[in-house]
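Enquirer: Chains A and B supply the protein sequences, listed in that same order.
Residue 158 in the numbering used here sits at position 158 of the first sequence, and the numbers go up by one each step.
Residue 1201 in the numbering used here sits at position 201 of the second sequence, and the numbers go up by one each step.
Hints are computed from structural coordinates only; laboratory data are not their basis.
Every value quoted in this text rests on a predicted model; they were computed, and no experiment measured them.
Below are the BS3-like pairs computed for lysine-lysine, each with C-alpha atoms no more than 27 Å apart in a straight line:
hint, chain 1, residue 1, chain 2, residue 2
1, B, K1342, A, K142
2, A, K67, A, K98
3, B, K1056, A, K60
Examples of chain A residues lying across from chain B (beta carbon under 8 Å, computed):
hint, residue
4, Q39
5, G52
6, T62
7, W63
8, N104
9, A106
10, S135
11, H137
12, L151
13, V153
Residues of chain B placed beyond 12 Å of chain A at every Cβ, according to the derived structure:
hint, residue
14, A1176
15, L1337
16, Q1352
17, I1377
18, T1403
Even for Gly, the Cβ is constructed at its ideal location relative to N, Cα and C.
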Amino acid sequence: MRGFIFLLLITAASTPSYGHQSSNSYLVLDFSDHGFSGQWDIALRDLDTAIGLDINDDSKITWGELKHSHVNITQYALSRLTISRAHTRCDTQPISNKVNNHNNSAYAVIQFAIHCPADQGELTLKYTLFSDLDSRHQGLLKTIQPQTTQLTVLSATNNELTLSTAPPRIFTLVTSFLDQGASHLLTGIDHLLFLISLLLPVVLLRNANQWNTNISFSQTAVEVLKITTAFTLAHALTLCLVVFELISLPTPLIESLIALSVIIAASNNIYPFMTNQRWQFAFAFGLVHGFGFANVLQGLNLSTLHTVVALLSFNLGVEIAQLAIAAAFLPIAYYLRTYRFYQRGLLPFGGLSVMIIALIWLIERSLDLDIRGF
Amino acid sequence: MHHTIKRPSKTIFLLSIVYALNLALFVTGSAKADAYIPAHDDIVLEVLPKSWNNAKTSTTYQLRQAWLNAPSNATIATRLARHYIDNAKQSGDTRFYGYAERALNPWKHEQTAPPQVLLLRATINQQFHQFEQALNDLDHLLKMHPNNEQAWLTRAGILQVMGYPLEAAKSCLLLARLTTPLVATSCLSRAVSTTGLAEKAYSQLLATYRNTRPPAINQQVWALTILADIAHRLGDINNAQKHYSDALALSPENTLLIAYYSDFLIEQKNFNAAYQLLHNKINRNGLLLRLVITEKALKHPDYIMHKNRLNSLFEEETQWGTYTSLRDQSRFHLTILNNPHKALTFATRNWQQQKELTDIKLLLQAAIAANKPAASIKAIQWAQQHQIKDKQLNHLIALIQNTP
Chain A
1 MRGFIFLLLI
11 TAASTPSYGH
21 QSSNSYLVLD
31 FSDHGFSGQW
41 DIALRDLDTA
51 IGLDINDDSK
61 ITWGELKHSH
71 VNITQYALSR
81 LTISRAHTRC
91 DTQPISNKVN
101 NHNNSAYAVI
111 QFAIHCPADQ
121 GELTLKYTLF
131 SDLDSRHQGL
141 LKTIQPQTTQ
151 LTVLSATNNE
161 LTLSTAPPRI
171 FTLVTSFLDQ
181 GASHLLTGID
191 HLLFLISLLL
201 PVVLLRNANQ
211 WNTNISFSQT
221 AVEVLKITTA
231 FTLAHALTLC
241 LVVFELISLP
251 TPLIESLIAL
261 SVIIAASNNI
271 YPFMTNQRWQ
281 FAFAFGLVHG
291 FGFANVLQGL
301 NLSTLHTVVA
311 LLSFNLGVEI
321 AQLAIAAAFL
331 PIAYYLRTYR
341 FYQRGLLPFG
351 GLSVMIIALI
361 WLIERSLDLD
371 IRGF
Chain B
1001 MHHTIKRPSK
1011 TIFLLSIVYA
1021 LNLALFVTGS
1031 AKADAYIPAH
1041 DDIVLEVLPK
1051 SWNNAKTSTT
1061 YQLRQAWLNA
1071 PSNATIATRL
1081 ARHYIDNAKQ
1091 SGDTRFYGYA
1101 ERALNPWKHE
1111 QTAPPQVLLL
1121 RATINQQFHQ
1131 FEQALNDLDH
1141 LLKMHPNNEQ
1151 AWLTRAGILQ
1161 VMGYPLEAAK
1171 SCLLLARLTT
1181 PLVATSCLSR
1191 AVSTTGLAEK
1201 AYSQLLATYR
1211 NTRPPAINQQ
1221 VWALTILADI
1231 AHRLGDINNA
1241 QKHYSDALAL
1251 SPENTLLIAY
1261 YSDFLIEQKN
1271 FNAAYQLLHN
1281 KINRNGLLLR
1291 LVITEKALKH
1301 PDYIMHKNRL
1311 NSLFEEETQW
1321 GTYTSLRDQS
1331 RFHLTILNNP
1341 HKALTFATRN
1351 WQQQKELTDI
1361 KLLLQAAIAA
1371 NKPAASIKAI
1381 QWAQQHQIKD
1391 KQLNHLIALI
1401 QNTP
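Let the sequences and hints guide you as you build the complete structure.
Expert: Given below as structure tokens:
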């Protein structure tokens, strides 16, 4: 008894917080459009107490020892996390086990997929990790949803969470879809090649089977604006029709048509057959590209108003990205157009390369085969 | 014509590059700590504290198994809880307070729990700055068992931290009839030394210390730490140094002692000695802060690394709102990041939690640095109302009151 008193003396002396942090785990749950997944980082120190990791009792936990316990750890942890949608429990499937470090402590990492039987409705979760071991344990939960990311500290007294499925705020919707629209164009190589192929000859005039440079910058700029705007209007139109489910086409057909559009646009630079009808062409195939964009916006599950906002923002994002490309492209092309290289090299041979690439896409997409080798 | 187009095109070109870069940053900017797969099975991921492990032969394991078999047996549960509190102190890992509290769960909602449960629960709540709950438990315990010396002692410590030194002193006086003279005098001297009676407290404790040797080492170390702290506050640097050295010789791993001693050395600008004391204590956050302060002064090559580590730790606490020490966070902003406004915010929040002399001084220092003397008025009033007096505190108050 006396020994115990002396032990507590120092606690009585002050309120030191000189220690490590308390026990915590880092849980990231990603409820994005592209499938639900999770990553859970759990401190080895806690796991060692709960299920025992140090096989040879040398006070050191090695990767080999951790690997040995992976099945146990995964089962232990995932059985202490319940995710439900519309009152039906979702299934968690482990994908991989890794290691992480937080504040100089080692954590076991479980990466897992989440499969919910219901595809709509409120998401709820219950967290009971180490509730039988540590009353001060905290789960640092980050939930990622299409429009929001939320941080929640889960504890013994606050171990349940309902993820609000309330409609997203207009502002986040706008910024998010502006970004998605712009990224989609900038990372979609087929859309880019189509556009650039159409824009390359804009800085030149075609007379009597000859290129000439007798065209003003403002004329060129107007032509660029016509092409990009026609493209945007067209794909906006089909995008709306698809999202509101008024029309639908099979994906392989659309993908093949997009490849075909790139081939035609590129061939125009080798054997020019359109000079004044480029914007009409951009409009016609813009309709096709619109079907391609629609993939991104499938399964939005938003109200009509929010869907309209999302659509408008997405289209505006695409248009901004197009204008940024045009703005970067136009002065350079306008400057280079007087060089023979531009007329005799870039146009025909660039056109040919793009045609070959697009031809491969066309074959691959129409046959649904992978023959690229890259 | 060529000339007319150059200027706008450049601007547009630059703008589009800026846009593209922004977009790229937006897309890639959400990186987090990356999980990895170690290269070999032999790689050591975690070294458990020496003082405990979960081997089947260990005390920890045996106590835990006994508890798992009889979780509502108070004797077994308090034995395990006490063992975990011991672990927390020795390893500096505060998770064990949570383990200890979990062992006491069956009595969670019981005001009239067994005395040992109440005492341990108070100790744990104190650790998490839940002072009111801790006092509540201690008062219940003392009503039933007025001779529980540890309860009086813990109560005194809590009242001291809450900014009631005179109330703390009363607890120490009630303790006097139950414990050794050295423990009682240490308790009392610590309390009254912050009420303007520092000289008297020092000489009284020193006399008792000399007359009652040799008591248990823990009692000696505690008395010496209090003696050193009072001497330091009185400006008696030589004696403070001597008491700290004596205490350290007795207990070289005592976290609280090292914290006090290193603060003293830092204030004396004896950074080399502070570094020697702290350099191998980087796993205890409070001590890491002091090491970073020392390394900054010494321009040590590890300074940036340790500073960043502490910074990410504090940032994470701020992000989640899981603060473990607002006092340390404030001091970090004040002395390392040179951000007096943030330091003041944290010092103010810290002062709302705990009002020890150190906390009041920190708030005043931050208020002075941030040039916001008004932010310290409540703390000064509190100090005057509760008789908290100290040389340096008086100096800080004078500084603030002379600010136009």
